[in-house]
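Protein sequence lines correspond, in order, to chains Y and S.
Take the first sequence: its position 53, counted from the start at 1, is 53 in this note's numbering, and no numbers get skipped.
Converting from the second sequence to this note's numbering requires adding 114 to each position, the first position being numbered 1.
These are calculated hints, taken from the structure and not from any lab test.
Computed from a predicted structure; not experimentally measured.
One or more hints might be untrue.
As the list claims (entries may be wrong) - Calculated pairs, BS3-like style, for lysine-lysine (alpha carbon to alpha carbon, straight line, at most 30 Å):
1) Y:K83 <-> Y:K14
2) Y:K70 <-> Y:K9
3) Y:K57 <-> Y:K71
4) Y:K83 <-> Y:K57
5) Y:K57 <-> S:K224
6) Y:K83 <-> S:K117
What the hints assert, rightly or not - Non-contacting residues of chain Y with respect to chain S, defined by C-beta distances greater than 10 Å in every case (computed):
7) G16
8) Q17
9) V52
10) S67
11) P75
12) R110
13) V113
To be verified - Partial pick of chain Y residues on the chain S-facing surface, computed with a CB cut under 10 Å:
14) Q6
15) P8
16) F12
17) A31
18) D59
19) E69
20) K71
21) F88
22) A92
23) G98
24) E102
25) F105
26) G106
27) G108
In this text, a Cβ means the ideal position worked out from N, Cα and C, and glycines have one as well.
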Amino acid sequence: DGGITQSPKYLFRKEGQNVTLSCEQNLNHDAMYWYRQDPGQGLRLIYYSQIVNDFQKGDIAEGYSVSREKKESFPLTVTSAQKNPTAFYLCASSVHDGGGTEAFFGQGTRLTVV
Amino acid sequence: DAKTTQPNSMESNEEEPVHLPCNHSTISGTDYIHWYRQLPSQGPEYVIHGLTSNVNNRMASLAIAEDRKSSTLILHRATLRDAAVYYCILKSNNAGNMLTFGGGTRLMVKP
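Okay, chain S solo, but in the shape it has when bound:
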């Protein structure tokens, strides 16, 4: 399975944008890039996913490099409720391939 590399932790100030990086140099053509986040003692929550083009939704934006070997999750205006562990995951479109979670990035938001 293609793997992802994320920083262990990042800090942000409240109401400022946050850019969470993810490297996935061994990504294959059938791999989608997914982002989930997990608050303490809760189940993960879907944030966004994409294949080749940048994606926007109400929660965040996903910027995908042209060679697809890296991506960035963008929170446009961090709030205290965005403090969580963010997971960048590759999920193949081939049958039988599941979400494989790594260590993620712990985002801390300072008031």
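In isolation and in its complexed conformation, chain Y is listed as follows:
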């Protein structure tokens, strides 16, 4: 089945540790995105990539890093510099970033810092 897969679904991290969230898509999409969602809030853009080997910061990139070495993969690292990392993280992809294209979202990773 074509789609976008995030893993793991739940992740626990000790304070001060870096952690990497996986996002894979087999839709042959050029554009990929990472969003963060806090309880009762909308989604906020962390990073996005329009093409392999290129990515740009979103609205809340501080404390996060990404890579886009392969078209199908866009991992997100939550570093120890992120002051409040506990949140629901969502990855998405689209054919490209044009206005008329729909985005497909994964099922999310819920990160909890303990």
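Using the hints, position chain S against chain Y.
Just chain S, lined up with the frame of chain Y:
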């Protein structure tokens, strides 16, 4: 970025039509109107999008005002599975413009 305004919440009865409004008075000519919905603890799901003309698909209809300053998502027959947060989003056709989510409308469906 052009912003949208939606009611915080709405209620509907099962099997009745639902009209979810969205105001976007600062919309520009290159902005598409997108609707997504999100069920609890899940990723958002694409519903529909349009530019100027009304649009229909298997999930819903999108009615766009003639001046494009408002739109309405229409669910023709609400079911309990339609209970979700619905987001109305403007997405520019200019490169580098992303989906920007607001607070959305929480739709509650009563049996």
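Need the list of violated hint numbers for this structure, in ascending order.
Numbers 5, 12, 15, 16, 19, 20, in rising order.
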